[in-house]
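Got chain P; can you put chain B on it based on the hints?
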Amino acid sequence: MHLMYFTEQPMAAYDAQEGLNYGATALTFSNKHFDPVQGSRLYNEYLEDYVLAEECGADGIMLNEHHNAPFCMQARTNMFAAILAAATKRVKIVILGNPLPLSENPVQLAEELAMIDMISKGRLVSGFVRGGGQEQLANGVNPAFNRERFVEAHDLVVKTWTQPGPFRWEGTHYQQRVVNPWAVPLQKPYPRVWIPGVLSKETVIWTAQQRYPYIALNTSIEATKQIRATYDEAAAACGYTAGSENFGYLIRVHVQDTEEKALKNARQFMWMQGEFTGLAHPVWANPSGYFSPSGRRQFVEFAVGRAKNPRGNPTFEDQIASTMIVAGTPDQVIERLKYIISNTRPGIMGIWANDGNVSQEDRQTCIRLLFQEVAPAIKSYAAELGLKDPWEANAPVHLRYSTDLATPAAAAE
Amino acid sequence: MSVSWTDDTVEIAGVTLHVTRSGGDPQRGGRGTLLVLHHDIGTPDRLPFYDALAAQGDVLVPHFPGWGKSQRVEWLRSPRDIGAMMSWLLADLDIGEVSLVGLGYGGWVAAEMASQAPQRFHRLVLVGAHGVKPPEGDILDQAIISYIDYPKAGFHEEAAFARVFGDVSTDQLVAWDIAREMSFRTAWKPYMYSQTLPHLLGGIRTPALVVWGDDDRIVPISAGQAYTRALRNATMTTIAGAGHFVDMEKPAELAKLVTEFVAAK
Chain P
1 MHLMYFTEQP
11 MAAYDAQEGL
21 NYGATALTFS
31 NKHFDPVQGS
41 RLYNEYLEDY
51 VLAEECGADG
61 IMLNEHHNAP
71 FCMQARTNMF
81 AAILAAATKR
91 VKIVILGNPL
101 PLSENPVQLA
111 EELAMIDMIS
121 KGRLVSGFVR
131 GGGQEQLANG
141 VNPAFNRERF
151 VEAHDLVVKT
161 WTQPGPFRWE
171 GTHYQQRVVN
181 PWAVPLQKPY
191 PRVWIPGVLS
201 KETVIWTAQQ
211 RYPYIALNTS
221 IEATKQIRAT
231 YDEAAAACGY
241 TAGSENFGYL
251 IRVHVQDTEE
261 KALKNARQFM
271 WMQGEFTGLA
281 HPVWANPSGY
291 FSPSGRRQFV
301 EFAVGRAKNP
311 RGNPTFEDQI
321 ASTMIVAGTP
331 DQVIERLKYI
341 ISNTRPGIMG
351 IWANDGNVSQ
361 EDRQTCIRLL
371 FQEVAPAIKS
381 YAAELGLKDP
391 WEANAPVHLR
401 YSTDLATPAA
411 AAE
Chain B
1 MSVSWTDDTV
11 EIAGVTLHVT
21 RSGGDPQRGG
31 RGTLLVLHHD
41 IGTPDRLPFY
51 DALAAQGDVL
61 VPHFPGWGKS
71 QRVEWLRSPR
81 DIGAMMSWLL
91 ADLDIGEVSL
101 VGLGYGGWVA
111 AEMASQAPQR
121 FHRLVLVGAH
131 GVKPPEGDIL
141 DQAIISYIDY
151 PKAGFHEEAA
161 FARVFGDVST
171 DQLVAWDIAR
181 EMSFRTAWKP
191 YMYSQTLPHL
201 LGGIRTPALV
211 VWGDDDRIVP
221 ISAGQAYTRA
231 LRNATMTTIA
241 GAGHFVDMEK
251 PAELAKLVTE
261 FVAAK
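Residue numbers (the numbering used here), protein chains in the order written: chain P, 1 to 413; chain B, 1 to 265.
Keep in mind that the hints are not guaranteed to be accurate.
[To be verified] Straight-line C-alpha distance at most 30 Å; calculated BS3-like pairs for lysine-lysine: (1) 32(P) <-> 256(B); (2) 188(P) <-> 388(P); (3) 308(P) <-> 133(B); (4) 133(B) <-> 256(B); (5) 121(P) <-> 261(P); (6) 265(B) <-> 69(B); (7) 89(P) <-> 201(P); (8) 225(P) <-> 89(P); (9) 201(P) <-> 32(P); (10) 133(B) <-> 152(B); (11) 189(B) <-> 32(P); (12) 133(B) <-> 201(P); (13) 189(B) <-> 159(P); (14) 159(P) <-> 89(P); (15) 121(P) <-> 379(P).
FYI, nobody ran anything at the bench for these hints, they're computed from the structure.
Bound-form chain P, shown alone (with noise of 0.2 Å):
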């Protein structure tokens, strides 16, 4: 099993009664209460944070990105990759993930992945996503068309990454007449693309026929079922059986030497849920076009306050006792991600382990616990259940390079 720490970089340093006045923290919250300040100690900090990981011997180092928002602090996942390409040994850098349709130029972005895995001598795991719908707004990217870009940025990195240029790109939403950029990644055929989720089934139908990991970002444990299932099924029509080396399960975990200071912290993971369902405006979250039409009715009365939102507002002591965070000792840590894992059976495990205000002191006592007490139980476990990872199970990149398909390859070129 991959096991990988991951933080938002949350920027708590603001005053939160403003974000309370104003009546959102994302998008239009004036970015006049971000303090570059707190921001530059932040930033520095949380590497601090990364590298005290790998010491530790966490497997992988989850990153992602945000806009217009306090809850994350980075607006480009390629920077904290490139910093950490150099800044650690060991460590996979799992980005998840950059969201390719807010690229105007994939070309530049397969390069920029191709010398991040250069420097990080192979280490880079390239995930993709679409992007949320605040996303597009705030880097003006038209939502109608996410999708379609995502599919075709996509086709042109992994083009790039492994086909000889010069070659000439025409597309429908990108034209790039010469195409041959010096940098191409060290991994062969090209490094691992892992994609995360919430809720499309259609990105999940996507992400089997590639036969690219899917990471279930802190779904219920009855939701990430459904999203297995799904993906199952798409393999299936593909020709090969989905194993655990296909799904990774993230879930907000914190761990301190007592109980009580563990569940003090994990209250902060609130804050984050706060500022991500209860503090923006749902037409940001789903601009008109980002959405499948078929969710059209449903949201439209969600948007409007008619209908409860999909994925309900459960307390922190609800999800404290759904496991959909967990907070303890290691011991009881270790018992319940027992449970989840015995559940969801994922290959891949991202630890959302710090997340608020908790200091860098407890940050990095969670840290220490985690991946020096917590970790080996747990891995020792998923070895027990045979639950490997896409290394341990020497998966194929992607559906093409397979060589056990029950029919031939029909991917989603």
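Chain B only, in chain P's frame:
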């Protein structure tokens, strides 16, 4: 005032469009000039304003691709594309004298059509038209405000919004979401204007009337002034106590203005 409308479908550029007509067969000329009315985004399919116009002459209301019952189309990229489809429609119908009336986004489509055929049309009426960058102020961004707040911002008085939309139905919300998507597909960047249209308006020979609500919070009135300056033969009129949706807020007043302008020698 009783007006009869007939619904029809036509195929233009491989796309099935829904067309509503009042009066007789437009190919037989009906009662003089045919008014072709281009709708705004997110307005109901039929309005008292349309009836008021139809009481005075024959009116054709094509629904743009993706709107109302017209087929959605993936390749559409700009209101200029829609303008070309509308010109194709008029050619297929083989109608003679045509005046164009465009509301908001439909005004942009009408202006594009006139710029491509400077002598084709009898009269051109633009009401709160999108399509040019306002020299002062910005066009209101639908993407960041709620489904209900956007159309409300298009009325001077909230009571007028309530008269038209009442307790907004879920069908109406869905229609607004689709209207947003289609305007994003065709006018995302720059948002709701063309950088080239202002340079092309000067060729239009058609006498034009530019109408703006004096409290238009969706398309600033400076855009109307810019249209009026760029067109070679245009006059501008403002309507007091009206927002962007003059057609919904002051239907009788707007219908009278349009009818008189189109009938004038």
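Failing hints, ascending? Hints 1, 3, 5, 6, 7, 8, 9, 12 contradicted; others consistent.
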